[in-house]
Amino acid sequence: MSCARTFLQTNPEGRAYLPSRRTVEIVGHELLTESIVQLTVRDEYIAQHAQAAQFANLYSSNSLQISPRPFGVAEVHDDEVTFLFAVVGRGTEEFRDKQVGDTIDILGPLGKSFDLSEPGRYLLVGGGLGIPPIAHAAQKLSGRSDVQATALLGYRDVHFADEMLMRHCSDVRAIENEQGNVITLLDQWLAEQDGDARNLSDVHILTCGPHPMMKAVASWAFKRDVKAQMNLEERMGCGYGTCVVCITPTIHGNQKVCIEGPVFTREELGWE
Amino acid sequence: MSCARTFLQTNPEGRAYLPSRRTVEIVGHELLTESIVQLTVRDEYIAQHAQAAQFANLYSSNSLQISPRPFGVAEVHDDEVTFLFAVVGRGTEEFRDKQVGDTIDILGPLGKSFDLSEPGRYLLVGGGLGIPPIAHAAQKLSGRSDVQATALLGYRDVHFADEMLMRHCSDVRAIENEQGNVITLLDQWLAEQDGDARNLSDVHILTCGPHPMMKAVASWAFKRDVKAQMNLEERMGCGYGTCVVCITPTIHGNQKVCIEGPVFTREELGWE
Amino acid sequence: MSARETTTELQHVHFDATEPRTFRHGTVVAGVPWKSPIGTAAGTYNLDACSVYYNPAILGAVSTKGVSPVPWEGNPAPRTAETPAGTVNSVGLQNPGVDHYLEDDLPRLKAMGATVVSNVAGHSDDDFAEVVEKLAKSEADMLEINVSCPNVKSGTSVGKDPVALCTLLKRLRPLTDKPLIIKLTPNVDDVVPIARAAIENGADAVSLINTFVGMRIDTHTGRPILANVTGGVSGPAVHPMAVAMVYKIRQAFHDFPIIAMGGTFSGDDALEFLYAGANAVEVGSAALVDPAAPVRIATELDELLDSRPELADALAVGKNWIHVQD
Amino acid sequence: MSARETTTELQHVHFDATEPRTFRHGTVVAGVPWKSPIGTAAGTYNLDACSVYYNPAILGAVSTKGVSPVPWEGNPAPRTAETPAGTVNSVGLQNPGVDHYLEDDLPRLKAMGATVVSNVAGHSDDDFAEVVEKLAKSEADMLEINVSCPNVKSGTSVGKDPVALCTLLKRLRPLTDKPLIIKLTPNVDDVVPIARAAIENGADAVSLINTFVGMRIDTHTGRPILANVTGGVSGPAVHPMAVAMVYKIRQAFHDFPIIAMGGTFSGDDALEFLYAGANAVEVGSAALVDPAAPVRIATELDELLDSRPELADALAVGKNWIHVQD
Ligand SMILES: Cc1cc2nc3c(=O)[nH]c(=O)nc-3n(C[C@H](O)[C@H](O)[C@H](O)COP(=O)(O)OP(=O)(O)OC[C@H]3O[C@@H](n4cnc5c(N)ncnc54)[C@H](O)[C@@H]3O)c2cc1C
Ligand SMILES: Cc1cc2nc3c(=O)[nH]c(=O)nc-3n(C[C@H](O)[C@H](O)[C@H](O)COP(=O)(O)OP(=O)(O)OC[C@H]3O[C@@H](n4cnc5c(N)ncnc54)[C@H](O)[C@@H]3O)c2cc1C
Ligand SMILES: Cc1cc2nc3c(=O)[nH]c(=O)nc-3n(C[C@H](O)[C@H](O)[C@H](O)COP(=O)(O)O)c2cc1C
Ligand SMILES: Cc1cc2nc3c(=O)[nH]c(=O)nc-3n(C[C@H](O)[C@H](O)[C@H](O)COP(=O)(O)O)c2cc1C
Ligand code: FES
Ligand code: FES
Numbered sequence: 001m002s003c004a005r006t007f008l009q010t011n012p013e014g015r016a017y018l019p020s021r022r023t024v025e026i027v028g029h030e031l032l033t034e035s036i037v038q039l040t041v042r043d044e045y046i047a048q049h050a051q052a053a054q055f056a057n058l059y060s061s062n063s064l065q066i067s068p069r070p071f072g073v074a075e076v077h078d079d080e081v082t083f084l085f086a087v088v089g090r091g092t093e094e095f096r097d098k099q100v101g102d103t104i105d106i107l108g109p110l111g112k113s114f115d116l117s118e119p120g121r122y123l124l125v126g127g128g129l130g131i132p133p134i135a136h137a138a139q140k141l142s143g144r145s146d147v148q149a150t151a152l153l154g155y156r157d158v159h160f161a162d163e164m165l166m167r168h169c170s171d172v173r174a175i176e177n178e179q180g181n182v183i184t185l186l187d188q189w190l191a192e193q194d195g196d197a198r199n200l201s202d203v204h205i206l207t208c209g210p211h212p213m214m215k216a217v218a219s220w221a222f223k224r225d226v227k228a229q230m231n232l233e234e235r236m237g238c239g240y241g242t243c244v245v246c247i248t249p250t251i252h253g254n255q256k257v258c259i260e261g262p263v264f265t266r267e268e269l270g271w272e
Numbered sequence: 001m002s003c004a005r006t007f008l009q010t011n012p013e014g015r016a017y018l019p020s021r022r023t024v025e026i027v028g029h030e031l032l033t034e035s036i037v038q039l040t041v042r043d044e045y046i047a048q049h050a051q052a053a054q055f056a057n058l059y060s061s062n063s064l065q066i067s068p069r070p071f072g073v074a075e076v077h078d079d080e081v082t083f084l085f086a087v088v089g090r091g092t093e094e095f096r097d098k099q100v101g102d103t104i105d106i107l108g109p110l111g112k113s114f115d116l117s118e119p120g121r122y123l124l125v126g127g128g129l130g131i132p133p134i135a136h137a138a139q140k141l142s143g144r145s146d147v148q149a150t151a152l153l154g155y156r157d158v159h160f161a162d163e164m165l166m167r168h169c170s171d172v173r174a175i176e177n178e179q180g181n182v183i184t185l186l187d188q189w190l191a192e193q194d195g196d197a198r199n200l201s202d203v204h205i206l207t208c209g210p211h212p213m214m215k216a217v218a219s220w221a222f223k224r225d226v227k228a229q230m231n232l233e234e235r236m237g238c239g240y241g242t243c244v245v246c247i248t249p250t251i252h253g254n255q256k257v258c259i260e261g262p263v264f265t266r267e268e269l270g271w272e
Numbered sequence: 001m002s003a004r005e006t007t008t009e010l011q012h013v014h015f016d017a018t019e020p021r022t023f024r025h026g027t028v029v030a031g032v033p034w035k036s037p038i039g040t041a042a043g044t045y046n047l048d049a050c051s052v053y054y055n056p057a058i059l060g061a062v063s064t065k066g067v068s069p070v071p072w073e074g075n076p077a078p079r080t081a082e083t084p085a086g087t088v089n090s091v092g093l094q095n096p097g098v099d100h101y102l103e104d105d106l107p108r109l110k111a112m113g114a115t116v117v118s119n120v121a122g123h124s125d126d127d128f129a130e131v132v133e134k135l136a137k138s139e140a141d142m143l144e145i146n147v148s149c150p151n152v153k154s155g156t157s158v159g160k161d162p163v164a165l166c167t168l169l170k171r172l173r174p175l176t177d178k179p180l181i182i183k184l185t186p187n188v189d190d191v192v193p194i195a196r197a198a199i200e201n202g203a204d205a206v207s208l209i210n211t212f213v214g215m216r217i218d219t220h221t222g223r224p225i226l227a228n229v230t231g232g233v234s235g236p237a238v239h240p241m242a243v244a245m246v247y248k249i250r251q252a253f254h255d256f257p258i259i260a261m262g263g264t265f266s267g268d269d270a271l272e273f274l275y276a277g278a279n280a281v282e283v284g285s286a287a288l289v290d291p292a293a294p295v296r297i298a299t300e301l302d303e304l305l306d307s308r309p310e311l312a313d314a315l316a317v318g319k320n321w322i323h324v325q326d
Numbered sequence: 001m002s003a004r005e006t007t008t009e010l011q012h013v014h015f016d017a018t019e020p021r022t023f024r025h026g027t028v029v030a031g032v033p034w035k036s037p038i039g040t041a042a043g044t045y046n047l048d049a050c051s052v053y054y055n056p057a058i059l060g061a062v063s064t065k066g067v068s069p070v071p072w073e074g075n076p077a078p079r080t081a082e083t084p085a086g087t088v089n090s091v092g093l094q095n096p097g098v099d100h101y102l103e104d105d106l107p108r109l110k111a112m113g114a115t116v117v118s119n120v121a122g123h124s125d126d127d128f129a130e131v132v133e134k135l136a137k138s139e140a141d142m143l144e145i146n147v148s149c150p151n152v153k154s155g156t157s158v159g160k161d162p163v164a165l166c167t168l169l170k171r172l173r174p175l176t177d178k179p180l181i182i183k184l185t186p187n188v189d190d191v192v193p194i195a196r197a198a199i200e201n202g203a204d205a206v207s208l209i210n211t212f213v214g215m216r217i218d219t220h221t222g223r224p225i226l227a228n229v230t231g232g233v234s235g236p237a238v239h240p241m242a243v244a245m246v247y248k249i250r251q252a253f254h255d256f257p258i259i260a261m262g263g264t265f266s267g268d269d270a271l272e273f274l275y276a277g278a279n280a281v282e283v284g285s286a287a288l289v290d291p292a293a294p295v296r297i298a299t300e301l302d303e304l305l306d307s308r309p310e311l312a313d314a315l316a317v318g319k320n321w322i323h324v325q326d
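Protein chains in written order, with the UniProt record's numbering: chain E, 1 to 272; chain F, 1 to 272; chain Z, 1 to 326; chain V, 1 to 326.
Same shape as in the complex, but just chain E (with noise of 0.2 Å):
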């Protein structure tokens, strides 16, 4: 399929036309861990319009499988994208399995992004395999003059992203379960701040990771009334926002992960 010219297209009421499910190419394929792999695939598509904590679909080769595998965009360049996941089930294993060369079916990039518009500083809190979309946050706001971005990584053991983000991140913190967690940077980076940058209005926190972090992050947030961007996981249908599967409660009722989300404000969520 052409990207470009299916670009160009619009449909009835003047949106752009997207590209479908598409086979790609796997250009990279590492093992970060015995656990995590690192795949780069060749999507022009995607590289060129992924926005951060956009995620796309991977699929399965085998016609059993047929739900979509969701995976944060971690990182692009040229046209070639990157994923970083966790092998937990079928689909992952399979992944795991691929080589350079093999194909795999893609569709994205897919839902909302991180509100990266205002100036001020970032904190980058991601938790295990909630780092890819926080990566990907931080390569676009890489080379940016009204940001400042700090990273606050939080591991089960292994550091499998810290080399990631360091590429767009100058400042780089990482804490693993033994020694504490996300909450403990949190405190720690607070601590470090003084005069004017006590006031913490021009704070953005963008976070990632397991349920129960993010709440503790949203709960941190809500009592210094800093803003706060989560990025939610849910099982997903389709992805694309045609199921109403992957719904999350919101103040508004409940929203679709893939499309409404996967990124809410604190306040959306309504969490305190």
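Accuracy of the hints is not assured; some may be wrong.
Unchecked claim - Here are the simulated DSSO-like cross-link-like pairs (lysine-lysine), alpha carbons at most 30 Å apart as the crow flies:
hint	chain 1	residue 1	chain 2	residue 2
1	Z	Lys160	V	Lys248
2	V	Lys160	Z	Lys170
3	Z	Lys319	Z	Lys170
4	V	Lys137	V	Lys170
5	Z	Lys153	V	Lys160
6	Z	Lys160	V	Lys170
7	Z	Lys248	V	Lys170
8	V	Lys248	Z	Lys153
9	Z	Lys160	V	Lys137
10	Z	Lys110	Z	Lys170
Stated by the list, open to error - One-sided and incomplete, this derived list gives chain Z residues near chain V with beta-carbon spacing under 8 Å:
hint	residue
11	Thr83
12	Lys110
13	Gly113
14	Lys160
15	Asn187
Treat the hints as calculated values from the structure; they're not laboratory data.
We put the beta carbon where it would ideally sit given N, CA and C, even for glycine.
Following the hints, position chains F, Z and V with the ligands against chain E.
Showing chains F, Z and V with the ligands alone in chain E's frame:
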């Protein structure tokens, strides 16, 4: 699975255990025509044990397609087993697209073989994709001084198996649709016989091919009181005798093609 | 997995659904012309999500998500789990209500030129009547009454009981002149008496199948995956059951319009439904895993019908295939 | 297809079923000890065909092909067609009759040490009674009454009607002291009332599911593939429906023995049934595509139960898992 060990063990009734479904390597893969494939796998067990007209189940690697695909063994060399098949559906399409070095799942050898125990003149009458077991019969008969084998082959068009047959049989006659069919060849053969040779009591017809062809061969044999063994084809659920799916009517009632056949005598089938 | 296998199984690859196209072979369902025998199945077509992948006007019809008198929130998440060659979902008919539908989705779809089947959800006869009354005055082309959802309380009680279905139809029929489709559940002793109740009480067509009740348990935790415990199974896994039900109804009623759905992932799957006796086929789960699937399937079927002129001609005038049993 | 994928999906590869083995975890079904929670499902275990692949005595039980008072010829061929992640069969209970079974299969299986569930087929209550009467005096460990075969005339009429089932059980119960299992069909409005009829009228266990009615049409010819037109769908495709039915019966009856089947292709699939509330699991279609599958699955399950002592301990004494719904 170690075939050797398996073969040494016996079940509580003293019957030898057989190796179950296993994965084997493809060591030969060739397109004989646009839609006919010659596939060779390494399987010591089948190579050692397969009798003429026995078959093996091949299985799709796609878990959507669980049913066995039965194919007659066409030729055996050392530990290599060769099949010839037409591309007619999803399974055979997949097998066509395999390559040397790929693997495939297999079960066998299965079924009853042609009875080659008697001396005499054997007419190996094969039509289309019924030729593979005929080729195997030729291979089994070759070198025996008490038999004389003549292959009578009917093709739609391309003579894809003449070469294979000629390796095992000095008298190979083939015909294609435009010129006639195997009955034409049988009549020609009969016309050539003179003197004692006109007494057909030592003649054994072994036949495999499309149903109407075998019916015609049976009728030809019946009229001349010639012994005939027919190798039938039927859709299979298991291929090893457990599901009673693959039946054919016989004078003993419905019998299983996979284990009570695929070879039946003309008399057993009651074909006249 | 090699690229080779992809070509057999995943034909959507490199398929450009956004190219403008018209199909050579259409159908007529209860008097309504469809530009192709292929439509989308209720609950799997969302206007905003799908119309950026292809123009809905090119398809036979678009069946929209079931709408109820007031907005419904549906069941809690997780609402989906994967099953062999399918999925099980427990959405529970979350929808923004009929008023929103009449103001937003329906006029937009009609403005695009789509043929619209408005799917109707309800907990009671009153609910169904209220929605049908409102849709009666709308631009909707056909109304589809969902008496077969396994994911809401009393969702299938009417769809399993010929007497209750008769009562409901007696109530709905006078409310509208639009074709009324009854959507049938496969979770029944026998689908024919239910179809008969629909046919004899004023329905203009039946559609089937809705989903089979199913569930998955996470063997790591020993607990059901769906928050709602059970859900509805759809996808290729259910196709042979759907074909059998369509066939049985067709054998019992030679002339009544049938819209078939259940596991249609290719033009060939759709063709199987047409030979079973369906007048049209809707695509559900396939669209969830490839937005462009309905267009791809319609394109494949269009080509297959070229070499089946008898079937294509019958469909074109609103007839269907009947197997005369030997 | 690479060898890699094979390791995920086709675990039977390089599995040697002929090695002598015993399982650590067994179960008890209606008082009968099973050496493993895994057995074979009726119609998919033929003694001559299967006993050359493994020793049936190592399994929990062997359910044998349904036997009728006299030999049956079944339906004409073709009797099988492939479906997505399954097959549809129309064997129609071909079998050599109960007398042959009592003289040949049963004594041989018992001599090998197998625990035998004798599956009983019939066109009428008289048929069932005649076979049960004969089996009552045999060495069979349990009797399984197949009131759920979609492939014979009146095959499921009793299995869909609680009143008819009650009548049948009243007739059969006095004929034998052996545990009576009623095999249930999934082709019903609701499986619970049928299970209740079995439970309240003297059955000792229920087994489910038998096959779903389904069919395939050859799109080249436009004709049904099966000579019998429709058949019964089994295999992975039906697993989620089977799990839901087992779960529903278990929620309704906390203590009654359930034998589950339907699409069990791995130890994990079996475990899902046990968590749904089954006391034992039988393997059908998986054995058709790999003779050693029941042994492989039993081996996998044995290992999985090691890390689930609570479940394993319950099974060992004839108890089952019950989810307490939140
Ligand atoms: C928006 C979004 C972004 C994500 N980004 C990443 C990422 O960057 N890296 C990463 O490692 N993981 C990420 N996940 C989680 C990832 O999608 C799952 O780990 C993955 O789908 C598991 O697939 P499986 O086949 O191995 O597991 P299985 O359990 O075999 O999958 C069965 C089904 O359940 C779904 N499923 C299972 N676990 C999850 C889960 N946690 N979330 C959503 N669906 C699930 C699968 O997609 C599949 O449809 C993301 C999830 C979402 C929703
Ligand atoms: C004992 C025996 C020996 C055979 N030997 C050969 C041989 O040497 N060479 C050869 O080309 N063909 C042979 N056949 C036929 C071969 O099995 C089928 O062509 C093949 O299974 C088709 O598979 P498919 O997936 O491409 O077709 P599909 O139509 O996609 O298959 C769907 C299902 O139907 C079954 N099926 C379809 N056609 C047939 C058929 N004609 N016979 C039995 N099952 C069928 C398939 O096995 C599969 O289970 C033999 C059949 C039998 C019974
Ligand atoms: C996520 C999802 C939501 C659905 N919502 C509805 C609905 O609102 N109304 C309805 O009648 N059917 C609904 N269905 C059923 C489908 O329309 C269709 O009948 C069923 O999925 C079988 O078709 P398939 O196998 O092609 O998906 C839904 C199905 C799915 C998968
Ligand atoms: C070929 C075949 C024959 C069967 N014969 C019988 C039978 O004789 N009696 C019976 O109760 N069930 C019979 N069944 C049903 C199975 O025992 C089982 O209930 C069903 O196939 C579901 O399990 P599975 O998906 O593991 O195959 C048969 C199934 C198949 C596939
Ligand atoms: S996954 Fe389908 S709407 Fe979000
Ligand atoms: S195919 Fe199963 S008995 Fe022959």
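A quick look at each hint next to the structure:
1. Taking the CA atoms of Lys160(Z) and Lys248(V), the gap is about 18 Å. The hint holds against a cut of 30 Å.
2. Only pairs whose Cα atoms come within 30 Å are accepted, and Lys160(V) paired with Lys170(Z) is accepted, the gap being roughly 29 Å.
3. Between Lys319(Z) and Lys170(Z) the alpha-carbon distance is near 27 Å, which keeps this suggested pair within the 30 Å criterion.
4. Taken as a hint, the Lys137(V) and Lys170(V) pair is honoured in the structure, with Cα atoms around 19 Å apart against an allowance of 30 Å.
5. With a CA separation close to 23 Å, the supplied pair Lys153(Z) and Lys160(V) stays within the 30 Å bound.
6. Among the hinted pairs, Lys160(Z) with Lys170(V) is consistent with the structure: their alpha-carbon atoms are about 29 Å apart, no more than 30 Å.
7. The straight-line distance between the Cα atoms of Lys248(Z) and Lys170(V) is roughly 33 Å, outside the 30 Å bound, and the hint therefore fails.
8. Straight-line distance between C-alpha atoms of Lys248(V) and Lys153(Z) comes to about 16 Å, which keeps the hinted pair within the 30 Å bound.
9. For the hint linking Lys160(Z) to Lys137(V), the alpha-carbon distance of about 43 Å lies beyond 30 Å, and the restraint is violated.
10. With a C-alpha separation of about 29 Å, the suggested pair Lys110(Z) and Lys170(Z) falls inside the 30 Å cut-off, and the hint holds.
11. Satisfaction of the interface hint for Thr83(Z) is found here, the shortest Cβ-Cβ separation to chain V being roughly 4 Å, below the 8 Å cut-off.
12. Restraint check, Lys110(Z) versus chain V: the minimum CB separation of about 34 Å is more than 8 Å; hint violated.
13. A least Cβ separation of about 31 Å between Gly113(Z) and chain V goes past the 8 Å threshold, and the interface hint is therefore violated.
14. At about 5 Å, the closest approach between the beta carbon of Lys160(Z) and any beta carbon in chain V falls short of 8 Å, and the interface hint on this residue holds.
15. Satisfaction of the interface hint for Asn187(Z) is found here, the shortest Cβ-Cβ separation to chain V being roughly 7 Å, below the 8 Å cut-off.
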